[in-house]
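Residue numbers (my numbering), protein chains in the order written: chain W, 1 to 294; chain V, 1 to 224; chain B, 1 to 237.
Derived from the structure by calculation, the hints contain no laboratory data. Please note that a few of the clues may not be correct.
Once the Cα atoms are required to be at most 30 Å apart in a straight line, the calculated DSS-like pairs of lysine-lysine come out as [to be verified]:
{"id": "1", "chain 1": "W", "residue 1": "K136", "chain 2": "W", "residue 2": "K261"}
{"id": "2", "chain 1": "W", "residue 1": "K136", "chain 2": "V", "residue 2": "K181"}
{"id": "3", "chain 1": "W", "residue 1": "K53", "chain 2": "W", "residue 2": "K167"}
{"id": "4", "chain 1": "V", "residue 1": "K212", "chain 2": "B", "residue 2": "K44"}
{"id": "5", "chain 1": "W", "residue 1": "K153", "chain 2": "W", "residue 2": "K136"}
{"id": "6", "chain 1": "W", "residue 1": "K53", "chain 2": "W", "residue 2": "K261"}
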Amino acid sequence: MKSSPFTRKTRTAITAAFGTVLLAAGLVSCAPASEPAEDAPVASEPALLTAAKENGIIFGMTDSPPTTLVEADGTPGGYASLVTMEVLGRMGITEFNTLVTDFPSSISGLVSGRSDIRIGGLTPNEERCPVMAFTKPSHVLTYAFAVQPGNPKGLLSLQDLKDTDSKLGTQGATTQETIAIEVFGGDENIVILPDRQSGIDALRTDRVDAFVAPYQTLVQLLETNPGAFEIAEGYVPDLPILAQSSVVTSENADFVELYNKYFDELVEEGWVEEISDEYGFDFDLLSSPELATC
Amino acid sequence: MSWDWAYSISIIPALLDGLWVTLIVTFIATSFGLVGGLGLGILGSMANPVLSRIAGAYVVIFRNTPFLVQLYLIYFALPEFGIVLSSEVSGVLGLGLFISAYMAEVFRAGIASVPSGQWEACTAINMSKFHTWMRVVLPQAIPPIIPMLGNYANLAFKLSAYVAVIGTIELFGTALRLGEKSYRYLEPFTLVGLMYLAVSVAVTVSLRQLEKRMQRTRPEMTTL
Amino acid sequence: MPTFWDEIARPLAEGTLMTLLVFIGGIVIATVLGIGVAALRLSKFSVLRGIAWVHVEFFRGVSVLVLIFWVFFVFPLLGITMSPLTTAWVVIGLNQSAFIAEIVRAGIQAVPRGQIEASIAINLSAWDRFRNIVFPQALPIALPPYANQLVNTLKETAVVSLIGLADLTFRGNELRTHLGHSMEIFVSIGIVYLLLAYLLTQGTSWLERKMRVEPKRGTTPKQAIRLRNFFIGGGIK
Numbered sequence: 001m002k003s004s005p006f007t008r009k010t011r012t013a014i015t016a017a018f019g020t021v022l023l024a025a026g027l028v029s030c031a032p033a034s035e036p037a038e039d040a041p042v043a044s045e046p047a048l049l050t051a052a053k054e055n056g057i058i059f060g061m062t063d064s065p066p067t068t069l070v071e072a073d074g075t076p077g078g079y080a081s082l083v084t085m086e087v088l089g090r091m092g093i094t095e096f097n098t099l100v101t102d103f104p105s106s107i108s109g110l111v112s113g114r115s116d117i118r119i120g121g122l123t124p125n126e127e128r129c130p131v132m133a134f135t136k137p138s139h140v141l142t143y144a145f146a147v148q149p150g151n152p153k154g155l156l157s158l159q160d161l162k163d164t165d166s167k168l169g170t171q172g173a174t175t176q177e178t179i180a181i182e183v184f185g186g187d188e189n190i191v192i193l194p195d196r197q198s199g200i201d202a203l204r205t206d207r208v209d210a211f212v213a214p215y216q217t218l219v220q221l222l223e224t225n226p227g228a229f230e231i232a233e234g235y236v237p238d239l240p241i242l243a244q245s246s247v248v249t250s251e252n253a254d255f256v257e258l259y260n261k262y263f264d265e266l267v268e269e270g271w272v273e274e275i276s277d278e279y280g281f282d283f284d285l286l287s288s289p290e291l292a293t294c
Numbered sequence: 001m002s003w004d005w006a007y008s009i010s011i012i013p014a015l016l017d018g019l020w021v022t023l024i025v026t027f028i029a030t031s032f033g034l035v036g037g038l039g040l041g042i043l044g045s046m047a048n049p050v051l052s053r054i055a056g057a058y059v060v061i062f063r064n065t066p067f068l069v070q071l072y073l074i075y076f077a078l079p080e081f082g083i084v085l086s087s088e089v090s091g092v093l094g095l096g097l098f099i100s101a102y103m104a105e106v107f108r109a110g111i112a113s114v115p116s117g118q119w120e121a122c123t124a125i126n127m128s129k130f131h132t133w134m135r136v137v138l139p140q141a142i143p144p145i146i147p148m149l150g151n152y153a154n155l156a157f158k159l160s161a162y163v164a165v166i167g168t169i170e171l172f173g174t175a176l177r178l179g180e181k182s183y184r185y186l187e188p189f190t191l192v193g194l195m196y197l198a199v200s201v202a203v204t205v206s207l208r209q210l211e212k213r214m215q216r217t218r219p220e221m222t223t224l
Numbered sequence: 001m002p003t004f005w006d007e008i009a010r011p012l013a014e015g016t017l018m019t020l021l022v023f024i025g026g027i028v029i030a031t032v033l034g035i036g037v038a039a040l041r042l043s044k045f046s047v048l049r050g051i052a053w054v055h056v057e058f059f060r061g062v063s064v065l066v067l068i069f070w071v072f073f074v075f076p077l078l079g080i081t082m083s084p085l086t087t088a089w090v091v092i093g094l095n096q097s098a099f100i101a102e103i104v105r106a107g108i109q110a111v112p113r114g115q116i117e118a119s120i121a122i123n124l125s126a127w128d129r130f131r132n133i134v135f136p137q138a139l140p141i142a143l144p145p146y147a148n149q150l151v152n153t154l155k156e157t158a159v160v161s162l163i164g165l166a167d168l169t170f171r172g173n174e175l176r177t178h179l180g181h182s183m184e185i186f187v188s189i190g191i192v193y194l195l196l197a198y199l200l201t202q203g204t205s206w207l208e209r210k211m212r213v214e215p216k217r218g219t220t221p222k223q224a225i226r227l228r229n230f231f232i233g234g235g236i237k
């Protein structure tokens, strides 16, 4: 070893560096070079539809019954799934798969092509509309309070909570939280809860006086927690009503156009109203002028 | 999708803020883990079978279940009993509890490596239990295990990314948020991965150096 | 009225199967790759050693959560799309291979130098040297940390729930959303993980007992040879 000008250590270091470069080069060369865009044939039908007819379509969703969920047999379930499947079924798609993740990943899933359409539960707004293609809203989200049985404090609005110095439970980083902070003028009386069930738990253990959540969520919770709470009368007046749409990436805007056509048909036939009623969504709100859409 | 340098540079300040939060989370959780681990290590080394069993059960449970499940349990299940912790507190607490189980084993091994003659000598000169621990046993048990403890601090650093899953905006959480806003994932995820890698490899390499240096000096330490 | 089986036990059972599927695929990849990387790290050629070093430092240093998100959500943007299950296997396999490589390397390096010198002196070929001298002595040393790594791999599989694979953790989370009772559910799945880890530990310690090297002079560790024969074929005639 004396003949070598390098010690064993420096040699290893040099080769390690060399190895890194090789590995990186290997990885880069593995990635297929971006091919020049071929002239797309004049398509009579959206590209996403053609692909989905052949290989099926993947619904990106969060697990939020009763709007989106996966049935025991692996098929998509819940209100938004049923509506989307009915529309897509009429468009000729027969196979439906799911990718269930939490909320942030449901968007990365769509962007990366892990899912083809992110269904239910996304509100169109100024920020999102230009970058994603939103379908017509399938339902409208309204907020309600879960309160102690009998609503002893008579809480019906955020203002009521403020006036009675009551504590509000809400999930974090949500519209309802932002607005509640505004109305209360601070967050001292706001308890951030990890999920819907812990909202009911916090109510039960007197940590909060009211838990605000989408009305449908509370209906679902009442089924699993019978008698634990009561849903206060009516929608919370100081919270907005939110359109809930499905989205695809912006290059599939043609797909959405076609989707909307079939969706309108279903509305005309009265099918959407029927299933809305069945799930307890307020169908009339879909045509409310207050509703922000794309 | 190709790499956008301008976007990458624009998100670096936000990512560095995230890295700072990650380091704080790691620091608090590791401190918690050291204290808890030392306590458990001492309990586990005790002759009292009940106490050492309890410490043993703690270690077995926390070392053999996924950290993610432990985190969910603290964050989602404790509210059932009226204990509502913020995602940050849940994350730090969960990480601390998890790491303390690993550190407990290291402390226990360190304590066990102190020759029994040392204990006997302490008893012979009538040293109190407390002084035996503080002046004789721990000063000999701890220095040799510092590199091991460092490795687990590094594990805590890597695992801290999980607290983003329950909503803490640390380094990984920042990447998720950025993606949600810009619909770009290539740059945030890649940069974040490199940041974790850089810190972790730097820590590993310096711990190895430390270990080497300690091995060289250890004989003098033990013959003190 | 849905039964307990339909509503709770079946999802958890299915989740356990998925966890096992991810675990087995991951650990097979990790073990094979880990042994390969360990061989490279001990190679005569510094280029190979360098590559192995990079592999180990990279995959030990990266956070597995970040890595799986990167492979799952960023690779498709670069034109590489693997199914969720394949992604899980590849990521867990690569990540764990780094740890296993170090375990294997430590095991091999713990074989006393004199053993190898002696076997060179009696003219054993490199392969025979490995098969008959190094392997039987390295295996008992590497097994306990390997057992530990098995448990770590099992725990690590929980990360796949975040890319939509319906493993035990995913199912637990799903039940929490649908039924409430978070404490009961998470404690139950914790117990399943504990049981699986216990079985893994028991299995490997049984193996260890089977091949413990008795420190008697002049005897060969019979069980180790039998295992060696099982894994890589017969010894010197």
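Evaluated hints:
Taking the CA atoms of K136/W and K261/W, the gap is near 10 Å; set against the 30 Å cutoff, the hint holds. With a C-alpha separation of about 22 Å, the suggested pairing of K136/W with K181/V holds against the 30 Å cut-off. A C-alpha spacing of about 51 Å is found between K53/W and K167/W, which places the hinted pair above 30 Å, so the restraint is violated. Taken as a hint, the K212/V and K44/B pair is honoured in the structure, with Cα atoms around 24 Å apart against an allowance of 30 Å.
About 39 Å separates the Cα atoms of K153/W and K136/W, which puts this hinted pair outside 30 Å; it is violated. Restraint check: the Cα-Cα separation between K53/W and K261/W comes to about 18 Å, which is no more than 30 Å; the hinted pair holds.
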